[in-house]
Structure formats: structure tokens, C-alpha cells
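Visitor: Residues per chain are reported as follows:
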Amino acid sequence: MSRDAFAASTVLPESFARWFASRGWAPRAHQLDLLARASGGASVLLIAPTGAGKTLAGFLPSLTDLASRPQRKPGERYRGIHTLYISPLKALAVDIERNLGRPVAEMELDIAVETRTGDTPAHKRQRQKLVPPDILLTTPEQLALLIASKDAERFFAGLKYVVLDELHSLVTSKRGHLLALGLARLRRFVPELRTIGLSATVAEPDALRRWLVPQSSPEAMADVITVEGGAKPVITILDSEERVPWAGHSARYAIGEIYEAIKAHRTTLLFVNTRSQAEFLFQELWRVNEDTLPIALHHGSLDVAQRRRVENAMEANALRAVVATSTLDLGIDWGDVDLVVHVGAPKGASRLAQRIGRSNHRMDEPSRAILVPANRFEVLECRAALEANYLGAQDTPPLQQGALDVLAQHVMGMACAEPFDEAELLDEVRSAAPYAELDAETFARVVEFVATGGYALRSYERYARIRKTKDGLWRVSHPRFAQQYRLNVGTIIESPMLNVRMTRQRGKGGNVSGGPVLGKVEEYFLETLSPGDTFLFAGKMLRFEGIRENECFVSNAAGQDARVPVYAGGKFPLSTYLAAEVRSMLADSERWRKLPEQVADWLAIQAEKSVLPKAGDLLVETFPRGNRHYMVAYPFEGRLAHQTLGMLLTRRLERAGAHPLGFVATDYALAIWAHPDMGALFRSGELPLSALFDEDMLGDDLDAWLAESWLLKRTFRACAVIAGLIEKRHPGQEKTGRQVTVSADLIYDVLRTHDPDHILLRATRADAAAGLLDVSRLADMLSRIRGRIMHKDLERISPLAVPVMLEIGKERVKGEADEMLLSEVEEDLIHEAMGD
Amino acid sequence: MNVAPERHGFTRGSGMIAIAGEVALCDPRGALFFPDMRLLVVSDLHLEKGSAFARRGRLLPPYDTGATLDLLDTVIADHRPTTVISLGDSFHDGFGAERMPSIYRDRLLSLMAGREWIWVAGNHDPDAPADLPGLVAGELALGGLRFRHEPLAGAEPGEIAGHLHPGAVVVQRGRAVRRRCFATDGERLVMPAFGAYTGSLNVLDKAYRGLFRWERFFAHMLGTSRVYAVAHHRLHR
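Going line by line, the protein sequences match chains A and B.
In this text, residue positions in the first sequence follow our numbering: the first is 1, and each later residue adds one.
In this text, residue positions in the second sequence follow our numbering: the first is 1001, and each later residue adds one.
Source of the hints: derived by calculation from the structure; they are not laboratory data.
In this text, all values refer to a predicted model and were calculated from it rather than measured experimentally.
Just so it is clear, CB atoms sit at the ideal spot from N, CA and C, and this is done for glycine as well.
Incorrect hints may have been included.
Stated by the list, open to error - Residues from chain B shown here face chain A by an in silico Cβ test under 8 Å; the list is partial:
1) Lys1049
2) Arg1058
3) Leu1060
4) Ala1067
5) Pro1101
6) Gly1154
7) Val1170
8) Val1177
9) Ala1196
10) Arg1209
11) Phe1217
12) Met1221
Stated by the list, open to error - Listed below are the simulated SDA-like cross-link pairs for lysine to any residue, each with C-alpha atoms no more than 20 Å apart in a straight line:
13) A:Lys713 / B:Gly1223
14) A:Lys713 / B:Ala1176
15) A:Lys728 / A:Glu141
16) A:Lys728 / B:Arg1058
17) A:Lys150 / A:Glu106
18) B:Lys1206 / A:Lys150
19) A:Lys713 / B:Lys1206
Unchecked claim - Between beta-carbon pairs, the in silico distance windows are:
20) B:Asp1073 / A:Pro191: 29 to 37 Å
21) B:Glu1116 / A:Gly118: 35 to 43 Å
22) B:Asp1070 / A:Leu473: 38 to 46 Å
23) A:Gly787 / B:Ser1102: 52 to 60 Å
24) B:Ser1110 / A:Ile492: 45 to 53 Å
25) A:Gly616 / B:Asp1073: 49 to 57 Å
26) A:Val611 / B:Thr1224: 38 to 46 Å
27) A:Arg786 / B:Thr1224: 30 to 38 Å
28) B:Asp1036 / A:Glu461: 34 to 42 Å
29) A:Ala456 / B:Ser1110: 16 to 24 Å
30) A:Ala456 / B:Asp1127: 27 to 35 Å
Using the sequences and the hints, build the whole thing.
Guide: Okay, structure coming up:
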């Protein structure tokens, strides 16, 4: 008897074996392996590529256990939740409900499966509390709410399994921190609770294995089952007949060729990196869509109803192509996709593997994918990603320490559930992997923050939200605070958004009657529009009419030119792994042969006119152009790290008297310009490059810049909302104006001046250093290039510098030059007034 | 640097303006100073706003009063006024003065010492602040000027008011810049809010309707070291 068959006969109940057979399937080895281990009491991490039957594997232990239990007698008490399934996406929960429905119905199992998300109506939630389903499909936020209610312990008393889908994506965010804390609480209710994590391939599986079990020691890890990928994907880089542009992100040159690929396949998924690229690509495809193929658009800002329509049409195989951003990234199984087109560089090898996994959802058939680089550097990047995908390289980000703002939210939630003992709660919190290293003093400060704000000036004792009573337990001091907590739970802080509503009336500002809502757009984008301006949104050309309350009114502007919405979000930084690959590709002319001819030529000319840096070196070019002098550096560390570097270098150049005028950063390079000849400064030794790029810039210079930076203010706002210091803005809530709210920026300024060591500022700095600034990456780079800076003083711009130079004037560094803009407005006014 | 003459013959960027014929300086910190009278006007200090929120469970940092007084201290030190008018909403609510920690109270008293201090009543603090010296007035007339908290509807030449917390937005090169501002058409003026926790209301909001002759309107937007005069047609919502 083979091992698999043996396993099947021991763990898979007869009815399940029959069901598999009736569908013409055999249970897969990893499904049986997982079932055996979980039934034996282990927590398990299942790492498998898409299409490996991961979801069914995750639910088999629950389904078989539920199928074997005796029927509930009339009058017997409900048994409570048996299995909790948690996914990062609401849509995923809905999708799973559909997929689980089939085996449950076909085996005639008496198992109730329900979803509970932010969209679940109140009466259904109420009913679920009284009559809980056997399997509840939900999100991290809903779990936080459930465990913060007074009857949580009773509600979860019968819990056996927690299935965590797309674990690799959950654990890298603050939502993952919140979820880890929630799990710790569930384990307190049910110590023998088993967790099953479902994940795509990751760089460090052990981190996820630890995450799944209580952290008494670093050796505590869940079992792991790894399923190797099936057939290798067939990935090609679009070898365009057209000229590949030097810069830009639109890939407009390739539209015709993309359209031909769509025509040649059944269903094509087109991935892009940002919502504005999605809008642009969709518009351009329809411009050439002579056969009027059904091509749809899907991104997170669109109205829910519209997204559902697209999803349903996909499932019914009624679409030939969908243009999508990361909203369709995760493991949602829709339709019969046979081609994935990735427009723009994928920015990370793991991300590419995920997205390509969307096509041909059977492991034994190869996925087909075409990469469409939008510019020449992206050709290099696509090439690197492609080689990585073949090599199975992984570059998922490392896990971060648990955030303190999330911990503050959790502490408040736990106080809402029941009075807590500080030492016991600390133990519980430390059992969650992200908080395993938390020290008691920091925890005490977080509790202090939750209670009275934790300010050095202790003036809020009488307003405390939680209080330590005589029995030594902390409890909520007023039911109102529990209510506040419930309204503000969660870690997803979006920038303020306005509804976009259609109207037929033009030229009346906001005083118009409304039509359908198309979706939401960030307020700051709309602020830059004047009535009459046009922009692309929801696949339509729209004319901005005006703003009324929390809605933005637009009319149809088909046929006009547009300014595409510029969104802050959605731009992924280039992964460290791909960056290193691109650098080594540049250095090795042997590898150019795999590149399109025009790109290889470009590099050859660069080698001739300037130089191509060796893999570990940093190339710095200086040259004059117009009446300015430029310095271009090529660290290839991604936009965030380059932006931070740009800020710091301009400060230093200013101090050295070089009077920098501005800078621009791309994923690959950084350009700084000034009036004086920076090349001469470097050459003469007046300002050696080694001093300019010295690692000490990450000390005082970084602190001084950070203190004033808008980046930190934005980060602070998110931390303050998550920690419960200021309230979330709720949909439909009107802008409240002057006296009802206090802007987070003002709070930040005051707090920074008067209480610089406050716990929220600590949380803010940690966030910014990790996420927004890529400080650690910059630090690694600076130490790597020590003594390895190659300066090339040129008479004119080099071929390699062209892409970043073309970005000048397009990309702007926000926030630092406000005064200059104000003075320009005033200047314009004077010119107008003086008539010149 | 070229010096361009402004409408009233003042140097650009100096912040000098004329209101109903009286010359005044718009200080970029948000205070108005009349050099001839050595009179300093600030409005909407909203002292103890932080603790007002704390009472309702939002534990905002309790340093706003300190921050506001620090700023007021630098303004007073620079202009050395003989008279200070606090143009209403000096405290965020009627109990603000009572709640004020003693360190801040002493601070305020030392700022008030040796000069005439007038508390104009506001809608947040209609009554006199508890136990603090200074005169209390509903409104005040000085020469051709009228000082009151809430601007009256219709033309009011010479009125200096607060209450609305004016702010302005300009868009340049696709970027929006938002600042507090002095709002004036040369006949009347609405003061920016001075308090550390006070936000602003766009001067294009309907709350300002009927107050100004827009063709002569300027928003004097607060910069870090000077004010920027921006005409009505350059402003955004």
C-alpha cells in the first residue's frame, strides 16, 4: 500500500473518499498529510502555489470533524463556532462561502457556513451571536470586535480550528499584528486550539510557523507542509516592434500588441501597479477595441456594486479581459484565465509569481504570462524578475515587530471585554509572535497611554478611560469608551475620500442633482482641481463640476483630454532582491544578450560615453545642462530609499554651499541639480563624495529632517487613529470644520515639541523608518558602497541618466517646498498686476 | 531682489496693510499689530481645548495651552504692545480658565503684567474668564475700528473680527498649499485663529458670504517667516 493510500484510508472518512471519487478526483498527498497532522492536534503551515487545492486542504480537518459529530438534538444548546476562517479580503470570504458550499451540499453535510464582514447587516450579526454557524468566515477587524464583546469566552468556547488564508500577505501589515493579538486571546479561551495557515511561497517560512503558535520559546513552531510548484510558468517579455520609451509608466507604445494578445486568448488578466495606470490602460484598450471585446476594469476605489458586477461576469466567463490592481492579487478563483499580462515592472519576484499564478488554475498546466515593461529600466527589471521566477527566488518582506499603536487598540478592546490584570495580559500579548520581544516597561506605557494618554504632564487622571480598581484589575471607566472603541476598531486608515457622483448638469458647481456613485477619490486630489478640469476615473472621462458636502460631482466628458488621477498609494518599491539582480545585470555584458536589441544598445552606448558600474559599486555622474549642474547617482534601491537619500543629500549639499535647487527620485536613480558645478567640488576634494555619502547622515541629519517632514505627520495621523487618540472619519460623515475635530498635524506639532518621548511618537518613528523611508535599506546601501563610489565627471548627460532626467518636472517632492509655491503664487500676482 | 510696490505702497512681504485707513502689520504667527497704537490683537486662542476633549474621552496631548502661550510670548516680546486684545474664544469653553494648570496660569499672568489686557467675549466663552485680571468687553471701538468676536453681516467698515478661523488654499504646479490667513478687503478684517489646536475654514466657504468685496479681497496667508498676499481669484476650495 502506498503511503498516500495508507494515509487516505486512515484519516479520510468514507463519505469524503466517495465524494472525491464521484468528482473524478483523488485527494492530494498534502491534503491528507495536513488532515492527519491537524486531526492529531498539530497546528500546520501549508505552503503551496495557487491551484494546489489549498482551500479545501485547509478546511478538510474541520469538515471531517464536523461530519462525524452526532446530530444536535432538538432543544440542545447550539454548539458555537467550530472553525473560524480569516482572510484579508471581504471578497475572499464571500468566494470561499461559495466554494465550500459545493462539497457541503453534495455530501449532504449538516454544516452551517456563514460570513461576517463589515457588510453583514446588523440583524444577521445579532442572529449569529445567538445561533452561531459551524464555520464562520470573517476578517481580522471582525475578530477584534468579537473578542472585545463581553460574551466572547462563551461564544468561542467550542472553537477547534482557525484557518488563516493568504497568511503571507496578512502577517506583513498592522492587520497581521491585530490578528496575532486576537489569536492570542482565542488561545486563552481554548488552549488546545489548532491553527492552519495557508500561504504562497515565502522567503522565511519559519517566521510564519512561529506566528501560528504561542511563543513560549523561539523553537515553538507549527508543522510545515510544502507543495512544490507544478509546471513552470511560461513567461515572456514583450519583444516590441515599437520603440521602448526612456521613461514613464504608461506603456502606451505597447497597446496594440497587448490588444492582439487579448484577442488570441480566452480570458486575459492585465495587472498594473497603480490605480491611475489601470484607468489609463483601460481607456487606451477601449480606444483600439475595434471588435468591442468585453474588457472590464477592477480596482479598489470603484464602487462596490460595480466591482461585484465585474467579479460575477468573470466567474461566468463573460469577459475577455480585466484590467486590475492588487485588489485581484490574492487567491480569488474566478473564471478561466489563460493569460496574465503584467504592464509595468512587477517590482518583486514573489509578487510576480503570485500574479502569474492567476492563470490556468490547474497545477499541471503551465501558466502563461507576458511582461510589458513601460520603459528601459523596467526591461532590465522584468528580465531580473523573470529569471527569479524560474529560479524560484523569493523576496517577500521580513516580518516587523508588533506596532505599539495596534497594541494600544487591543488593550482597550480587552478592557471592553472584561477587566484585565496587567501582568496576565502582558503574558498573553507576548505569546503572539510579533510581540514576543515586548518588554514590560513598554507595555506599561501603552496601558498608561490607553488610560490617561500617558503624558509627562499628568493632568488627565480624572478623565481616565480605563482605571485600575482595588482588586488590581483595569476596567473601562464609562460604557461610552467601549462604544468609541467599537466604532474605531481596525488598522486600515485611508486618506479622506469623497464619493464621485455623476450629474448631467454642468457649470453649476455643487448645486446639482445627483446620479449614480462611481466610486471614491482621495480628497487631496480633488483639491487640486478646478471646475471644468477633466480626469479619468472608473474607465470614464469625467469633468469636475464641484464639491458638495462629502461628494464630488462630475459630468461626462467623453472625447476630451484628461489629466489622469494621481494617487499616492499603490506604488510598490523595487524589492532588494530585484535591485541586486538589475545591478549585476548592468555589470555583466554577457547577460545583455537576453535583452531586446534597443536596450542592449542603450547600455553599450552608456559604457562608451560614461561607464557601467560594477555590481557592488555606486556610480555618480555629474554634468552641466542648460544653466544648471546635475549630479545623478544610481543606487537601485527603490524610490522610497532614494527619496530619503535625496532629502539628506540636499541638506548636506546646502551646508557645503552647493545650493541644491531640487531633486527627483526613481526606483533606479536619484538626480540632484544646483547652480554651482558639483562635479568640481567633488573633484577638487573640497567636498569628497565619500564624505557626502557618509553613513553619519542617518544620524542628526535624518532626525532633523524627519521632525519637519510631512511623511512623519501622515504616519502620525494613522498611528493616532489606530491607537484611539483621534477618531476615524466615517463614511457619510460631513467635514466637520473648525471646532469639532483637531487636525492630527497640529497635535503632532504640539506633542513633538512638548513630549518628544511620547509612546505614539515612538510608534510613528518606527513606522516611518520601516515603511515610508526604507531607512534600513538606505543604511545597508551606504555601508555597502563605502570606498566603492565611482565618480564620472561628464561634459554632457549620459544615456543612463536620460530616464531620471525625463522625470524632472513630473515627479515632485511633496511638502518641503510649500513656501516656494506660495511665493510663486504671489509672484504671478505681481506680474499680473504689473502687466508683464 | 526686486521690490515690487503693493497696493498701499508697502513693501511686498512686509505684511503691512491698511484697514479703514489704519496701518497694521500682519504678523506671520497670526497676530495683528497696530504700531501707532502699540496695540496687539489675537483671536481664538481656544486655551484648554485639549482638556476639553479629554473630558469626553479623547485624550489629546495637554500641551496646547503651553504651545499657544509660548507663541504669544514671542509675539509680545517682539512688538512690546501696551495693549493686547484677545478677540473672543480665548478659552475653548466656559470652564477652561478653571481647568488651566497653575503653571500655565502663572505664565499667562506674567504675559498680562504691565500692559492693558482686554478679553472680548466669544461664543465659546461668553462670560469673563474666572479669576483672571483684564477688562471684559462685548465689543470695543478704537478710533475708526470696531473689535468684536463675530463679524456682523453686511458692510462693516473698520471691523476687526475673529470667530471664522479663516484659511486659504492655493494650487500651484498641481499642489495644494493650505494656510491660515488674515482675510481682508481693506475695509474690514477677519483674524486667523491663534490657538495651537485651532483649524481653519476656507475663506471661500459660504460662512463668509456678504462680508467682503471680493474684487479687493486678499488672503494674507501665514508663512514660516512672512505672510503671502494672495488675491481672491487665485484661491481654491
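Visitor: For each hint, tell me whether it holds in the structure or not.
Guide: Outcome of the hint check:
1. A least Cβ separation of about 7 Å between B:Lys1049 and chain A falls short of the 8 Å threshold, and the interface hint therefore holds.
2. At its closest, the beta carbon of B:Arg1058 sits 7 Å from a beta carbon of chain A; the interface hint therefore holds under the 8 Å criterion.
3. Given hint, B:Leu1060 at the interface with chain A, holds; its Cβ is 6 Å from that chain's nearest Cβ, closer than 8 Å.
4. Residue-level restraint check for B:Ala1067 holds (minimum Cβ-Cβ distance to chain A is 5 Å; threshold 8 Å).
5. Below 8 Å, beta-carbon pairs count as interface contacts, and B:Pro1101 has one with chain A at about 6 Å; its hint therefore holds.
6. A hinted interface residue such as B:Gly1154 counts as satisfied when its beta carbon comes closer than 8 Å to some beta carbon of chain A; here the least separation is about 23 Å, so the hint is violated.
7. A hinted interface residue such as B:Val1170 counts as satisfied when its beta carbon comes closer than 8 Å to some beta carbon of chain A; here the least separation is about 5 Å, so the hint holds.
8. Among the interface hints, the one on B:Val1177 holds; its C-beta lies about 5 Å from the nearest C-beta in chain A, closer than the 8 Å criterion.
9. Satisfaction of the interface hint for B:Ala1196 is found here, the shortest Cβ-Cβ separation to chain A being roughly 5 Å, below the 8 Å cut-off.
10. Here the hint on B:Arg1209 is broken, as its CB sits about 14 Å from the closest CB of chain A, past 8 Å.
11. Restraint check, B:Phe1217 versus chain A: the minimum CB separation of about 12 Å is more than 8 Å; hint violated.
12. For B:Met1221, the suggested interface contact is upheld, since its CB lies about 6 Å from the closest CB of chain A, less than 8 Å.
13. At roughly 18 Å between alpha-carbon atoms, A:Lys713 and B:Gly1223 fall within 20 Å of each other, so this suggested pair holds.
14. Proposed proximity of A:Lys713 and B:Ala1176 is supported: the alpha carbons are some 16 Å apart, at most 20 Å.
15. Only pairs whose Cα atoms come within 20 Å are accepted, and A:Lys728 paired with A:Glu141 is accepted, the gap being roughly 14 Å.
16. For the hint linking A:Lys728 to B:Arg1058, the alpha-carbon distance of about 12 Å falls within 20 Å, and the restraint holds.
17. Restraint check for A:Lys150 and A:Glu106: not satisfied, since their Cα atoms lie roughly 38 Å apart, outside the 20 Å limit.
18. A C-alpha spacing of about 47 Å is found between B:Lys1206 and A:Lys150, which places the hinted pair above 20 Å, so the restraint is violated.
19. About 29 Å separates the Cα atoms of A:Lys713 and B:Lys1206, which puts this hinted pair outside 20 Å; it is violated.
20. Under the hint 29 to 37 Å, the C-beta atoms of B:Asp1073 and A:Pro191, about 59 Å apart, miss the expected range.
21. The hinted range of 35 to 43 Å is not satisfied by B:Glu1116 and A:Gly118, whose Cβ atoms lie roughly 58 Å apart.
22. In this structure the hint that B:Asp1070 and A:Leu473 lie 38 to 46 Å apart at CB holds, the actual value being about 40 Å.
23. The given range of 52 to 60 Å is respected by A:Gly787 and B:Ser1102, whose C-beta atoms sit roughly 59 Å from each other.
24. With their beta carbons about 47 Å apart, B:Ser1110 and A:Ile492 fall inside the hinted range of 45 to 53 Å.
25. For A:Gly616 and B:Asp1073, the Cβ-Cβ distance of about 54 Å falls inside the hinted range of 49 to 57 Å, so the restraint holds.
26. A C-beta distance of roughly 43 Å is found between A:Val611 and B:Thr1224, which places it inside the suggested range of 38 to 46 Å.
27. In this structure the supplied range 30 to 38 Å holds for A:Arg786 paired with B:Thr1224, their Cβ-Cβ distance being about 36 Å.
28. For the pair B:Asp1036 and A:Glu461, the supplied restraint of 34 to 42 Å is violated, since their beta-carbon distance comes to about 49 Å.
29. Taking the beta carbon of each, A:Ala456 and B:Ser1110 are about 22 Å apart, inside 16 to 24 Å as hinted.
30. Between A:Ala456 and B:Asp1127 the CB atoms are about 32 Å apart, so this pair conforms to the stated range of 27 to 35 Å.
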